[in-house]
Amino acid sequence: MIEAVPLEWILTVAAALFCIGLFGALSRRNAVGILMGIELMLNAINLNLVAFWRYLSPLSSTGPVFSLLIITIAAAEAAVGLAMVIAVYRAWQTVNLDTVDALKG
Amino acid sequence: MFFLHYAWLIPILPLLSFILISLTPIRHSKQMSGWLAIGLMGVATIFALGLMGGVTQGLRLGEGSAVTSAHTPEQHAPETSENAEGKHGKEAFVFPEANVVQNFVWAPTGNTSFTMGVYIDPIAAIVLVMVTITSTCIHLFSMGYMAANSRQSRFFSFISLFTAAMLAMVLADNLLLFFIAWEIMGLCSYLLIGFLYERPQAYRAGIKAFITTRIGDVLMMLGMVYLYTQAGSLAFGMKDGQIFNEAFLKQLALGKNALGLTHATTIALLIFGGTVGKSAQFPLHVWLPDAMEGPTPVSALIHAATMVSAGVFLVGRTYPIFTADDGTALLVVSAIGAFTALFAASIAVAQFDIKRILAYSTLSQLGFMVAALGIGGWVAGMFHLLTHAFFKALLFLGSGSVIHAMEATKSIEKIHHDDEYAAQQTAQDIRNMGNLKAYMPWTFWVYTAGYLALAGIFPFAGFWSKDEILADAQNGHLAIYIVLTIAAFLTAFYMTRQWRAVFFGEYRGKNPLIYVNPEHVASDHHAAKDHGHVAHTDQHSSHSDEPHESPWTIVAPLVVLAFFAVVGGFFNLPFAVPGGHWLSHLLGQESAEFNFMVAGISLLIALVGIGAGWSYAEVFKTAQDKDPFEVSQPGLFCLLNNKYYIDEFYGLTVGRISDGLALAWSWIDSKVFDKLLNGTGFFTLFISRINFIIDDTLLNDGPDGIGNNTLTTGQAMRQTQTGKVQDYLALIFAGVVILALIYLYRM
Numbered sequence: 006m007i008e009a010v011p012l013e014w015i016l017t018v019a020a021a022l023f024c025i026g027l028f029g030a031l032s033r034r035n036a037v038g039i040l041m042g043i044e045l046m047l048n049a050i051n052l053n054l055v056a057f058w059r060y061l062s063p064l065s066s067t068g069p070v071f072s073l074l075i076i077t078i079a080a081a082e083a084a085v086g087l088a089m090v091i092a093v094y095r096a097w098q099t100v101n102l103d104t105v106d107a108l109k110g
Numbered sequence: 014m015f016f017l018h019y020a021w022l023i024p025i026l027p028l029l030s031f032i033l034i035s036l037t038p039i040r041h042s043k044q045m046s047g048w049l050a051i052g053l054m055g056v057a058t059i060f061a062l063g064l065m066g067g068v069t070q071g072l073r074l075g076e077g078s079a080v081t082s083a084h085t086p087e088q089h090a091p092e093t094s095e096n097a098e099g100k101h102g103k104e105a106f107v108f109p110e111a112n113v114v115q116n117f118v119w120a121p122t123g124n125t126s127f128t129m130g131v132y133i134d135p136i137a138a139i140v141l142v143m144v145t146i147t148s149t150c151i152h153l154f155s156m157g158y159m160a161a162n163s164r165q166s167r168f169f170s171f172i173s174l175f176t177a178a179m180l181a182m183v184l185a186d187n188l189l190l191f192f193i194a195w196e197i198m199g200l201c202s203y204l205l206i207g208f209l210y211e212r213p214q215a216y217r218a219g220i221k222a223f224i225t226t227r228i229g230d231v232l233m234m235l236g237m238v239y240l241y242t243q244a245g246s247l248a249f250g251m252k253d254g255q256i257f258n259e260a261f262l263k264q265l266a267l268g269k270n271a272l273g274l275t276h277a278t279t280i281a282l283l284i285f286g287g288t289v290g291k292s293a294q295f296p297l298h299v300w301l302p303d304a305m306e307g308p309t310p311v312s313a314l315i316h317a318a319t320m321v322s323a324g325v326f327l328v329g330r331t332y333p334i335f336t337a338d339d340g341t342a343l344l345v346v347s348a349i350g351a352f353t354a355l356f357a358a359s360i361a362v363a364q365f366d367i368k369r370i371l372a373y374s375t376l377s378q379l380g381f382m383v384a385a386l387g388i389g390g391w392v393a394g395m396f397h398l399l400t401h402a403f404f405k406a407l408l409f410l411g412s413g414s415v416i417h418a419m420e421a422t423k424s425i426e427k428i429h430h431d432d433e434y435a436a437q438q439t440a441q442d443i444r445n446m447g448n449l450k451a452y453m454p455w456t457f458w459v460y461t462a463g464y465l466a467l468a469g470i471f472p473f474a475g476f477w478s479k480d481e482i483l484a485d486a487q488n489g490h491l492a493i494y495i496v497l498t499i500a501a502f503l504t505a506f507y508m509t510r511q512w513r514a515v516f517f518g519e520y521r522g523k524n525p526l527i528y529v530n531p532e533h534v535a536s537d538h539h540a541a542k543d544h545g546h547v548a549h550t551d552q553h554s555s556h557s558d559e560p561h562e563s564p565w566t567i568v569a570p571l572v573v574l575a576f577f578a579v580v581g582g583f584f585n586l587p588f589a590v591p592g593g594h595w596l597s598h599l600l601g602q603e604s605a606e607f608n609f610m611v612a613g614i615s616l617l618i619a620l621v622g623i624g625a626g627w628s629y630a631e632v633f634k635t636a637q638d639k640d641p642f643e644v645s646q647p648g649l650f651c652l653l654n655n656k657y658y659i660d661e662f663y664g665l666t667v668g669r670i671s672d673g674l675a676l677a678w679s680w681i682d683s684k685v686f687d688k689l690l691n692g693t694g695f696f697t698l699f700i701s702r703i704n705f706i707i708d709d710t711l712l713n714d715g716p717d718g719i720g721n722n723t724l725t726t727g728q729a730m731r732q733t734q735t736g737k738v739q740d741y742l743a744l745i746f747a748g749v750v751i752l753a754l755i756y757l758y759r760m
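Line by line, the protein sequences give chains W and Z.
Throughout, the numbering used here is defined as the position within the first sequence, counted from one, plus 5.
Throughout, the numbering used here is defined as the position within the second sequence, counted from one, plus 13.
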């Protein structure tokens, strides 16, 4: 008999991915890098979701739908985020978000 | 009747004159203020005469406004006690019913209230006539006499105020109003004596007068308060609740106070204290001779005719209280009066200043009046008050005319440039006068009329009034009679001495005996503009070295007063003829019958006095001659000339005590009170410092701190707003973790 991969391993992977994504979002200077980290975090969330769906209630359709929504939102958010990066570049001539601190106060 | 209804206007008119002159621009014009004052006084005189007319007819104005012509005053005569005999009988002294009583409530005090109003009975009416006539004459006299003084308008305002106060006093319906007017008179006396205030002698004399009379006034006030506590009212009158009520007086005579005297005696003696001060009886007589520093019209008005008789009038007014007790009060009164009469007459013998002689004569005559009241001769005393006012004012004004003329002569002018005060004193010295009969005939004749009246020669006024006093005295008070007779002798003596030295002989003023002024202020010529006599700045060339007659404004009042001096006696002839005893009938009291022996003795004494005085004054040939009395009895003369050294005695005793008290108070004030005050100040500072600390900490540092902390907190909170997206992100993540923990472990 082939045993399934235990759920905890997948969750760990998802957690690890999330942490890597968080780390990336918090520590990249480049704006696009931050966006990538955000993407990673979203994908880790997706993995988490799918794992729970497959292992706990595989017959319901809530899981995939939710996943689909998240992918859609991620895509939309990536588009908007990149548009914002272009707008920032136009105004500040840089995408290094360390220097964009006009709201400092 | 009009004059009765409006009798209260009599003091208001001179008061109006005072107000108008002092408060309006009238004061800038000497002529206008003078004639205004004279005019209003003249109107007041007419009112007084009209009132007198009403009173003689017996008209009465009661509480309502109905005027009833009452029964003749003679009906009262049999009811009164046997005052004529000089024995203050056991029956009380009763005033006739008043002619005019009008008052209004002034100061409510609990159940009773103080009123202000008029209470006029015959004696008041007749004194009003005397005061108004005399005052009008003196107002007219001042027009000429004070013409050179730059403050003449102020002078008129003062004498008008004084007259208003005197008239108000005579009319007053209660003792309180009486006292108020009394004090105003004292104030005016001070103002007028010190009128020429550039001279230290003048203002010192004013202060002395005021303070000495004040001592008497304190006693009088004590008497008034005492009377008020007994009676509950100070109103004159015989109704229930007023002070002359018979039942009340009997009660006064019975109750005794802590000193062992009856109430009546104590009250009477205390009120008499006021008389001793104001009428200058011994021992408070010291102010009157010094009061001669004032201008002569002042001496005539205040210190001869009116203010000093106010004290006698006070005793006359409150006489029922004096007669209510067993005779102690009246004994004291008569003793002091008789002593003063003799004492002052003896001093006058050795004086050389014409005004001083008259001043001591006034003292002596006041002693006569007070003694007359003391022995029960109420009518005699009042009668002498009236006649004395006229002839003494006449004498003073006559002396004023003489001084006026003397100061205009060259010899005195020479002194005037150097020392004005010495010039005045030299002009007043009788040794420097002489033969003025030839130079000033009008003054001579009127002065002679006054002199004969004072000496008591038939048929002048003084004879009748003084004789009545002596007749009353002889009737049971032999000691008083003897003392008064000796005083009468001395009166005739010193007045003759003065009369002869001034008006007869040779004029000695060309080589005068110059007064040495111990307080000479050199080169005071700039102040010489203000003096009470004719201006000399524009008359240098026209001065002769001989005196000449004074102008009509000075002589006319003298003539008026001389008339009264001559005929005044006929108002109370002591015979049972038609018109005789007129005054006593009017006043509703009995008076003495004519006693030939007494009259004869007094006339004889007067003539002997005149003879002695005449022969004494013969000696004065030059101004430097010595008085024969001084030559024969130098020690006695010195004693009399220096007024028995009483002033010096007072200075050593009372003066020292006052100085000591003043020093003690000053010490207390600086060491005790100042320390207390400073301590209070320090304490206040201390409290305020604590206050400041609390205030500063709570109200300043608190809000400051709040503000600062807000700032600091804000600064701190600002650190989180870095503006960087990633930092915000990190914060969001931290918040999520916290929420998750809360969710996991609390839910």
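Do not rely on the hints blindly, as some may be mistaken.
If you only want the chain W side, here are some residues facing chain Z, beta carbon under 7 Å, derived [as the list claims (entries may be wrong)]:
1. Leu31
2. Leu102
3. Asp106
4. Leu108
5. Gly110
Within a straight-line C-alpha distance of at most 25 Å, the following computed SDA-like cross-link-like pairs (lysine to any residue) qualify [to be verified]:
6. W:Lys109 <-> Z:Gln732
7. Z:Lys737 <-> W:Met89
8. Z:Lys523 <-> Z:Lys634
9. Z:Lys737 <-> Z:Gly720
10. Z:Lys450 <-> Z:Leu620
11. Z:Lys737 <-> W:Ile43
12. Z:Lys737 <-> W:Ile7
13. Z:Lys737 <-> W:Thr104
14. W:Lys109 <-> Z:Lys523
Label pairs and their in silico Cβ distance ranges [claimed, not checked]:
15. W:Ala21 <-> Z:Gly720: 46 to 52 Å
16. W:Val18 <-> Z:Leu742: 43 to 49 Å
17. W:Val85 <-> Z:Leu712: 52 to 58 Å
18. Z:Ile755 <-> W:Val18: 44 to 50 Å
19. Z:Val749 <-> W:Val18: 17 to 23 Å
Note that these hints are calculated values from the structure, not bench results.
Built from N, CA and C at the ideal position, the CB exists for glycine as well.
Checked hints:
Checking W:Leu31 against chain Z by beta carbon gives a least distance of about 5 Å; that is within 7 Å, so the hint holds. A hinted interface residue such as W:Leu102 counts as satisfied when its beta carbon comes closer than 7 Å to some beta carbon of chain Z; here the least separation is about 5 Å, so the hint holds. The interface hint given for W:Asp106 is met, as the beta carbon of that residue sits about 3 Å from the closest beta carbon of chain Z, less than 7 Å. With 7 Å as the threshold, the beta carbon of W:Leu108 comes within range of chain Z, its nearest partner Cβ sitting at about 4 Å, so the hint holds.
With a cut of 7 Å, the hint placing W:Gly110 at the interface with chain Z holds, because the nearest CB-to-CB distance is about 5 Å. Proposed proximity of W:Lys109 and Z:Gln732 is supported: the alpha carbons are some 9 Å apart, at most 25 Å. Note on Z:Lys737 and W:Met89: the hinted pairing holds, with a Cα-Cα distance of about 15 Å set against a maximum of 25 Å. Annotation: proposed proximity of Z:Lys523 to Z:Lys634 holds, straight-line Cα distance about 12 Å (limit 25 Å).
Distance restraint check for Z:Lys737 and Z:Gly720: the Cα-Cα separation of roughly 29 Å exceeds the 25 Å cut-off, and the hinted pair is therefore not satisfied. Taken as a hint, the Z:Lys450 and Z:Leu620 pair is honoured in the structure, with Cα atoms around 21 Å apart against an allowance of 25 Å. Under the criterion of a C-alpha separation no larger than 25 Å, the hint pairing Z:Lys737 with W:Ile43 is consistent with the structure, at around 16 Å. At most 25 Å may separate the alpha-carbon atoms for a hinted pair to count; Z:Lys737 and W:Ile7 exceed this at roughly 50 Å.
For a cut-off of 25 Å, the pair hint linking Z:Lys737 to W:Thr104 stands: about 8 Å separates their Cα positions. A threshold of 25 Å between alpha carbons decides the hint, and for W:Lys109 with Z:Lys523 the separation of about 118 Å lies outside it, so the pair is violated. With their beta carbons about 51 Å apart, W:Ala21 and Z:Gly720 fall inside the hinted range of 46 to 52 Å. Between W:Val18 and Z:Leu742 the C-beta distance comes to about 23 Å, which lies outside the given range of 43 to 49 Å.
Restraint check, W:Val85 to Z:Leu712: a C-beta distance of roughly 55 Å satisfies the suggested window 52 to 58 Å. Between Z:Ile755 and W:Val18 the Cβ separation comes to about 27 Å, which falls outside the hinted range of 44 to 50 Å. For the pair Z:Val749 and W:Val18, the beta carbons lie near 21 Å from each other, so the given range of 17 to 23 Å is met.
In summary, the numbered hints that this structure violates are 9, 12, 14, 16, 18.
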